[in-house]
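Protein chains: 2
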Amino acid sequence: MKKSETSPSSRRVTITDVAREANVSIAAVSRAMNPKGSSSPQTRRHILAVANQLGYKPNRLARGIKARSSLIGILVTNFENPAYLAILSEFSTAIQRHNCHTLLINVNTGKSVSEAVSLVMEYHVDALIVTSATVPPELVEACQRQNTPVAIFGRNAEDSGASVVTCDDLAIGRMAADHLLDQGYQRPAYIGASTHEQATLNRQQGFVARLEQRGSRLFGSGEGHQHSYDAGYGAAFELLSSGNIAPDSIFFFDDIMACGGIDAVRHEFSYRVPEDVGIVGVDDILFASSKSYDLTTICQPFNDMVNKTVSSLFSRIQHPEAAPGRTIMSCHLIQRGTTQRVSYSESDSLLAERPV
Amino acid sequence: MKKSETSPSSRRVTITDVAREANVSIAAVSRAMNPKGSSSPQTRRHILAVANQLGYKPNRLARGIKARSSLIGILVTNFENPAYLAILSEFSTAIQRHNCHTLLINVNTGKSVSEAVSLVMEYHVDALIVTSATVPPELVEACQRQNTPVAIFGRNAEDSGASVVTCDDLAIGRMAADHLLDQGYQRPAYIGASTHEQATLNRQQGFVARLEQRGSRLFGSGEGHQHSYDAGYGAAFELLSSGNIAPDSIFFFDDIMACGGIDAVRHEFSYRVPEDVGIVGVDDILFASSKSYDLTTICQPFNDMVNKTVSSLFSRIQHPEAAPGRTIMSCHLIQRGTTQRVSYSESDSLLAERPV
DNA sequence: CTGAAAGCGCTTACAG
DNA sequence: CTGAAAGCGCTTACAG
Numbered sequence: 001m002k003k004s005e006t007s008p009s010s011r012r013v014t015i016t017d018v019a020r021e022a023n024v025s026i027a028a029v030s031r032a033m034n035p036k037g038s039s040s041p042q043t044r045r046h047i048l049a050v051a052n053q054l055g056y057k058p059n060r061l062a063r064g065i066k067a068r069s070s071l072i073g074i075l076v077t078n079f080e081n082p083a084y085l086a087i088l089s090e091f092s093t094a095i096q097r098h099n100c101h102t103l104l105i106n107v108n109t110g111k112s113v114s115e116a117v118s119l120v121m122e123y124h125v126d127a128l129i130v131t132s133a134t135v136p137p138e139l140v141e142a143c144q145r146q147n148t149p150v151a152i153f154g155r156n157a158e159d160s161g162a163s164v165v166t167c168d169d170l171a172i173g174r175m176a177a178d179h180l181l182d183q184g185y186q187r188p189a190y191i192g193a194s195t196h197e198q199a200t201l202n203r204q205q206g207f208v209a210r211l212e213q214r215g216s217r218l219f220g221s222g223e224g225h226q227h228s229y230d231a232g233y234g235a236a237f238e239l240l241s242s243g244n245i246a247p248d249s250i251f252f253f254d255d256i257m258a259c260g261g262i263d264a265v266r267h268e269f270s271y272r273v274p275e276d277v278g279i280v281g282v283d284d285i286l287f288a289s290s291k292s293y294d295l296t297t298i299c300q301p302f303n304d305m306v307n308k309t310v311s312s313l314f315s316r317i318q319h320p321e322a323a324p325g326r327t328i329m330s331c332h333l334i335q336r337g338t339t340q341r342v343s344y345s346e347s348d349s350l351l352a353e354r355p356v
Numbered sequence: 001m002k003k004s005e006t007s008p009s010s011r012r013v014t015i016t017d018v019a020r021e022a023n024v025s026i027a028a029v030s031r032a033m034n035p036k037g038s039s040s041p042q043t044r045r046h047i048l049a050v051a052n053q054l055g056y057k058p059n060r061l062a063r064g065i066k067a068r069s070s071l072i073g074i075l076v077t078n079f080e081n082p083a084y085l086a087i088l089s090e091f092s093t094a095i096q097r098h099n100c101h102t103l104l105i106n107v108n109t110g111k112s113v114s115e116a117v118s119l120v121m122e123y124h125v126d127a128l129i130v131t132s133a134t135v136p137p138e139l140v141e142a143c144q145r146q147n148t149p150v151a152i153f154g155r156n157a158e159d160s161g162a163s164v165v166t167c168d169d170l171a172i173g174r175m176a177a178d179h180l181l182d183q184g185y186q187r188p189a190y191i192g193a194s195t196h197e198q199a200t201l202n203r204q205q206g207f208v209a210r211l212e213q214r215g216s217r218l219f220g221s222g223e224g225h226q227h228s229y230d231a232g233y234g235a236a237f238e239l240l241s242s243g244n245i246a247p248d249s250i251f252f253f254d255d256i257m258a259c260g261g262i263d264a265v266r267h268e269f270s271y272r273v274p275e276d277v278g279i280v281g282v283d284d285i286l287f288a289s290s291k292s293y294d295l296t297t298i299c300q301p302f303n304d305m306v307n308k309t310v311s312s313l314f315s316r317i318q319h320p321e322a323a324p325g326r327t328i329m330s331c332h333l334i335q336r337g338t339t340q341r342v343s344y345s346e347s348d349s350l351l352a353e354r355p356v
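From first to last, the protein sequence lines are chains A and B.
For the first sequence, position 293 (counting from the first letter as 1) is numbered 293 according to this note's numbering, and the numbering increases by one without interruption.
For the second sequence, position 347 (counting from the first letter as 1) is numbered 347 according to this note's numbering, and the numbering increases by one without interruption.
It should be emphasised that the hints constitute simulated quantities derived from the structure, not laboratory data.
Predicted model only: the values in this text are computed from it and were never measured.
Hints may be right or wrong, so weigh each one.
Calculated pairs, PhoX-like style, for lysine-lysine (alpha carbon to alpha carbon, straight line, at most 20 Å) [claimed, not checked]:
id	chain 1	residue 1	chain 2	residue 2
1	A	K66	B	K57
2	B	K66	B	K36
3	A	K291	A	K308
4	A	K66	A	K36
5	B	K36	B	K57
6	A	K66	B	K66
7	A	K57	B	K66
8	A	K291	B	K291
With the hints as extra help, turn the sequences into a complete structure.
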């Protein structure tokens with residue numbers, strides 16, 4: 001106490017200060033601070049009291065050089081999709097619950113995923129989470145060789161060597177197809193995001209396969225160039241403008257695009273939703289349940305996915321030899337106002353007036 | 001090369017490996033890696049080549065214990081406000097541009113701001129950003145004594161000792177009042193978020209002051225309990241249900257609440273927006289410019305604010321003695337479809353049928 | 001410009 | 001259970 005009282009120094013209090021004040025070795029302090037260090041109850045109590053009194057907090061950086069850093073890296077690519085705010089919130093909460101912290105890497109900066117990975121490895125993160133992007137297997141392997149388990153969230157990366165937690169995109173596509181057909185829609189279309197993404201292709205594939213399986217087929221498709229409202233709006237506009245066969249329903253890659261699509265349908269063409277055009281999205285973002293959109297959507301259990309990702313990572317930190325697992329979670333469809341049709345008579349349709 | 005080739009070890013390559021391979025001291029390597037270390041051009045070139053070949057990346061944790069950590073802590077409290085996804089994205093981008101990284105702390109976890117601060121200090125972050133929350137001045141001072149400059153983003157914290165970058169909430173309130181009055185609305189109301197927040201009170205105060213200054217007054221107010229769609233919906237519902245004087249326009253604390261409000265107005269009461277009820281929000285979130293909401297809003301220049309915050313922090317890292325500055329940015333109103341009225345005749349109003 | 005050495009704050013075998 | 005010592009990977013005066 002005396003020392004720290006009199007010195008107006010800006011020095012942080014270190015383990016040495018605590019050791020001096022408590023009349024023990026720094027090793028003793030280290031052990032007392034660490035739950036699994038051996039320390040007699042009295043000594044530990046005393047040391048902890050002194051540490052507390054001095055306001056001592058271990059320097060995590062110094063600790064990290066020998067032991068673990070308590071840092072979990074998270075690579076985020078999807079800053080346009082509103083769903084990711086909740087996902088990020090859930091991730092940081094889960095990570096903090098494990099007494100670790102989140103090193104956030106924004107991969108939008110024109111930085112490639114590989115660069116981002118190598119960057120984050122400089123901090124010796126204890127684990128690495130990659131959201132909605134794939135990572136070259138060599139890279140994953142390189143991380144794991146350095147005892148850094150990797151998890152891929154929201155992408156069904158086969159043979160990645162990483163833990164994978166995601167939903168089955170084929171199943172999502174089938175679910176959308178079933179629902180639209182069940183509701184009586186007859187000319188379903190698909191609007192995906194970038195065709196560079198496997199997820200876009202997989203949802204389309206599942207969608208188309210199920211349509212054909214039930215004797216229907218795909219009545220058009222479009223592509224946005226990002227996961228955004230504008231992209232969905234634009235793609236829907238183009239799809240419905242093209243003179244050919246007008247679809248009577250659209251399955252969108254995600255909700256944010258679907259919201260753009262709904263607005264294009266309503267405001268550019270004055271078609272009614274769901275009577276003239278049915279809409280299905282994916283994600284159940286906040287605005288999907290708003291009165292204005294009231295969007296039928298396929299809901300991925302994001303919170304469960306996040307928690308599964310984090311817990312699997314921490315168990316791999318404990319058991320480094322364990323093989324990375326794959327978890328495919330199941331989604332469920334939430335029916336809302338954009339797909340109520342069932343007993344809808346074709347003759348009521350505005351679209352029916354157009355040459356089909 | 002020979003060593004690293006033959007050893008299948010998972011050891012990371014360290015400065016020692018590079019020194020050995022390049023036949024120089026580790027000090028030489030350290031200097032060569034550091035732009036401001038003195039190193040002859042040839043030596044540096046050679047060392048860098050070897051380092052590169054070996055795939056050497058300095059361990060930032062080890063570096064951080066003597067030098068700076070290159071970590072910037074960011075405390076986030078607003079994971080419900082969609083605007084924060086873009087803000088977070090911009091922050092991480094700006095920080096990465098400075099070759100630093102983002103330590104994200106979620107303060108929603110029931111963790112108080114003070115706890116979060118002390119936590120982040122264990123990582124010896126080079127600077128600390130606090131978004132939309134205030135920090136006790138003692139805490140700020142404690143950080144700055146340890147050479148960690150603090151910035152407060154989006155809250156007008158007077159005498160905080162921290163750098164402050166925000167907008168003037170009083171001015172925002174006045175701007176909303178002027179606009180509603182200019183558009184011919186006569187019974188403006190205010191719906192804020194938690195009354196515990198100074199920002200809520202300040203916007204209301206500016207709003208009311210300007211109304212009265214122009215010979216009008218506040219026709220009711222409400223409170224959501226969070227910054228959320230549901231809170232806005234609920235508060236608007238209550239406000240319009242209460243039998244007294246029905247407001248003909250509502251200024252909401254932020255856009256996400258305003259969107260809830262619009263939907264309540266339209267779907268619970270079948271009032272028309274903007275004819276019966278005008279709506280103004282704040283933030284210009286993505287959905288504010290959607291066709292469905294088309295919300296008049298007061299736009300804070302978030303990107304400029306973020307960049308100003310980051311650059312001011314980095315300049316304080318360079319010049320620790322410099323006094324923290326205050327930057328009050330100016331907002332602008334974006335007029336959209338929720339407030340077009342001007343020449344609107346009172347007799348057309350649905351609301352006029354109610355006893356006023 | 002360069003190397004040897006001390007040191008940053010912590011952890012972890014190793015003896016006792 | 002405890003202390004002395006070595007070590008983690010790096011940086012930074014200090015001599016040369």
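Evaluated hints:
1. For the suggested pair A/K66 and B/K57, the alpha carbons sit about 17 Å apart, so the restraint of at most 20 Å is met.
2. At most 20 Å may separate the alpha-carbon atoms for a hinted pair to count; B/K66 and B/K36 meet this at roughly 16 Å.
3. The straight-line distance between the Cα atoms of A/K291 and A/K308 is roughly 32 Å, outside the 20 Å bound, and the hint therefore fails.
4. Among the hinted pairs, A/K66 with A/K36 is consistent with the structure: their alpha-carbon atoms are about 16 Å apart, no more than 20 Å.
5. For the hint pairing B/K36 with B/K57, the CA-to-CA distance comes to about 17 Å; that is within 20 Å, so the pair holds.
6. A hinted pair counts as satisfied when its Cα atoms are at most 20 Å apart, and A/K66 with B/K66 qualifies at roughly 15 Å.
7. Distance hint between A/K57 and B/K66 is fulfilled; the C-alpha atoms sit about 17 Å from each other, no more than 20 Å.
8. A C-alpha spacing of about 14 Å is found between A/K291 and B/K291, which places the hinted pair at or below 20 Å, so the restraint holds.
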